[in-house]
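These protein sequence lines are chains A and B, in that order. In this text, residue positions in the first sequence follow our numbering: the first is 1, and each later residue adds one. In this text, residue positions in the second sequence follow our numbering: the first is 1, and each later residue adds one.
Rather than coming from a laboratory, the hints here were simulated on the basis of the structure. Glycine included, every Cβ here is placed at the ideal spot set by N, Cα and C. Any given hint might turn out to be false.
List of simulated lysine to any residue pairs, SDA-like, C-alpha gap at most 20 Å [stated by the list, open to error]:
(1) A:Lys60 - B:Thr20
(2) B:Lys9 - A:Lys76
(3) A:Lys76 - A:Lys65
(4) B:Lys84 - A:Glu25
(5) B:Lys79 - A:Gly61
(6) A:Lys49 - A:Phe29
(7) B:Lys84 - A:Lys3
(8) B:Lys82 - B:Asn21
(9) A:Lys65 - B:Asn7
(10) A:Lys65 - B:Lys84
(11) A:Lys72 - B:Lys9
(12) A:Lys49 - A:Lys72
(13) B:Lys190 - B:Gly173
(14) B:Lys79 - B:Arg95
(15) B:Lys9 - A:Glu12
(16) B:Lys82 - B:Arg95
(17) A:Lys89 - B:Asn7
(18) A:Lys72 - B:Ile19
(19) A:Lys89 - B:Asn5
(20) A:Lys3 - B:Ala10
(21) A:Lys72 - B:Ala10
(22) A:Lys72 - B:Lys193
(23) B:Lys79 - B:Thr55
(24) B:Lys193 - B:Pro68
(25) B:Lys79 - A:Val30
(26) B:Lys164 - B:Leu46
(27) B:Lys142 - B:Ile73
(28) A:Lys65 - B:Ile73
(29) A:Lys72 - A:Glu12
(30) B:Lys144 - B:Val159
(31) B:Lys79 - A:Glu12
(32) A:Lys49 - A:Lys65
(33) B:Lys84 - A:Ala40
Partial list, derived from the structure: chain B residues whose beta carbon lies under 10 Å from chain A [as the list claims (entries may be wrong)]:
(34) Lys4
(35) Leu6
(36) Ala10
(37) Leu14
(38) Met18
(39) Asn21
(40) Ser78
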Amino acid sequence: MFKELNPLLHSELRLGIMSILISVEEADFVYIREKTGATAGNISVQIDKLSEAGYIEVSKGFLGKRTRTVCKITEKGVTAFEEYVEALKSYLDIKSK
Amino acid sequence: MEEKNLNEKASLELISQMITNSRRKLEDGNGIPFLIWGYTTFCISLAVFFFINATGDYHYHILWFLIPVIGSIGMFISKRSKVKHSGHVMNFIERVIGNIWMVIGIAGFIVSVGAFFVRIPILSIVLLLMGIGTALTGLTIKFKPVIISGFIGMASCVVPFALKGNEQILAFGIIYLIMMVVPGHILNYKGRKKHV
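Only chain A is shown next, with the shape it has when bound in the complex:
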């Protein structure tokens, strides 16, 4: 039986951001941009969506004169990510049988 894939996570960039944040305690905007290779505008939009869903926590601070955005995955985000991976497994299990 296929489990439903969370549409919020089933997008390349949002999944990329969540995969980074699940493996570290926190990462800033520059780091996420470097690892995903996406544009700043696009990342900003996706971070807002993940934050609105309560999957990540965003805090803004300063590094010298520049603003710095630091992202951290939440418990809700970890659960959603785990459920997404479980759902993916159900697809791949059935296909490989």
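Following the hints, put chain B in place on chain A, whose structure we already have.
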């Protein structure tokens, strides 16, 4: 990377790739803290040795307190430049190592201040503390040169007892060079090699 839907296989590949990329190890140019503290301590040791030898004035021991000042400024500049270029990321290993050095640093500072009031073998105590910190860091990042140099540092805490007078200060600086600077350069070299 864009905002587009993926198939299931591509999703799993992406997750795996991002997790692997984010597992940034301490080898990636992170020999720098060892170099900052190692070279600073070595140079200050030479300065203290030189001035006390030349003048016989033991007030020059106050120069030791330049180590935390210069080291902290160096660490601040190095971290700032790293964050500017490749962004800030904190993982469990980096937090553990940060905490180890915070505790060791505070302990080192307390005994150094105490040494001005009570006669204690301060150079040996500092070597033991820094050796413990280096060995713990090496074990945490699983990097043999750092583990070995940490244990060399710990064992070297007996050296100042075997020497007399200002020679202890010179030996302290040289041991620091072996304990911090050598593994620092090896870490940086490994990091550079990985990115070639």
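Indices of hints not satisfied (ascending): 1, 2, 3, 7, 9, 11, 13, 21, 22, 23, 24, 27, 30, 31, 32, 40
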